[in-house]
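J.: If you use the numbering used here, the sequence shown corresponds to residues 3 to 221, in order.
Hints are supplied without guarantee of correctness; some may be wrong.
Dumping the calculated DSSO-like pairs for lysine-lysine here, alpha-carbon to alpha-carbon at most 27 Å [as the list claims (entries may be wrong)]:
{"#": "1", "residue 1": "Lys182", "residue 2": "Lys4"}
{"#": "2", "residue 1": "Lys215", "residue 2": "Lys94"}
{"#": "3", "residue 1": "Lys94", "residue 2": "Lys7"}
{"#": "4", "residue 1": "Lys94", "residue 2": "Lys109"}
No lab work stands behind these hints: they were computed from the structure.
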Amino acid sequence: MKNKKPILIQSDFDNTITIGNVSEQIHDKFGPANWDTIYQNYRSGKISVEESNIYSFQFLNFTEKQLNEFVCNNVKFRKGFKQFYDFISNKKIDYKIVSSGVDFYIKSSLKSIGIDCNSVPIYSGISQFVNDGIEIKYIDPFGNPISSEFKNSFTEYHKDNYSKIIYLGDSLTDLNSSLKSDYVFATSKLYDYYVNNNLDCFYFDSYEDVLAKINELID
Numbered sequence: 003m004k005n006k007k008p009i010l011i012q013s014d015f016d017n018t019i020t021i022g023n024v025s026e027q028i029h030d031k032f033g034p035a036n037w038d039t040i041y042q043n044y045r046s047g048k049i050s051v052e053e054s055n056i057y058s059f060q061f062l063n064f065t066e067k068q069l070n071e072f073v074c075n076n077v078k079f080r081k082g083f084k085q086f087y088d089f090i091s092n093k094k095i096d097y098k099i100v101s102s103g104v105d106f107y108i109k110s111s112l113k114s115i116g117i118d119c120n121s122v123p124i125y126s127g128i129s130q131f132v133n134d135g136i137e138i139k140y141i142d143p144f145g146n147p148i149s150s151e152f153k154n155s156f157t158e159y160h161k162d163n164y165s166k167i168i169y170l171g172d173s174l175t176d177l178n179s180s181l182k183s184d185y186v187f188a189t190s191k192l193y194d195y196y197v198n199n200n201l202d203c204f205y206f207d208s209y210e211d212v213l214a215k216i217n218e219l220i221d
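Could you put together the complete structure from these sequences and hints?
T.: Encoded structure:
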């Protein structure tokens with residue numbers, strides 16, 4: 003039998019750690035011109051969230067410096083997140099951010115509140131700034147390209163390596179991952195789904211809510 007690590011906290015980023023979706027804020031500010039079409043195709047289920055980022059960022063012809071400055075000046079974190087992060091770091095609990103968003107703005111956001119991005123595993127879209135846009139690719143836990151269910155692929159992988167998974171998410175792109183987890187902290191549309199389907203979860207609006215419950219779950 004495989005020896006598993008005791009516990010993992012897997013967390014989404016946009017509107018889970020932050021207030022609002024940073025990727026959407028970037029697109030609302032910088033475009034591209036066809037952003038509304040791409041976004042509607044995503045909302046209607048014609049393309050995945052991963053594909054929406056691949057398609058939209060390739061037309062976003064701005065420098066990394068410009069975008070990072072915008073992120074640092076505009077990102078807002080849910081109350082208590084830094085305290086939560088410091089708490090689990092001190093407890094040496096494995097914590098991983100797995101997001102269908104993109105690495106450059108996730109790292110820029112975390113750095114803005116003094117978090118060393120080398121100290122927390124971040125799995126997300128990988129960006130490469132090129133002459134006329136930003137190339138985005140998603141890689142699954144086994145090194146293969148993937149264009150949908152990115153977060154879920156990591157949760158499935160983590161299930162083989164951890165005895166208990168605590169999941170934090172906000173949207174239906176978190177649903178499959180959350181259903182595979184042992185405990186779920188949900189907000190926004192993910193919480194609505196759990197309530198409407200009589201599924202157990204813990205609601206959170208701030209990380210003070212999470213901290214109030216997390217001690218019971220990590221014992």
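J.: Provide an ascending list of the numbers of those earlier hints which the structure does not satisfy.
T.: Of the numbered hints, all hold.
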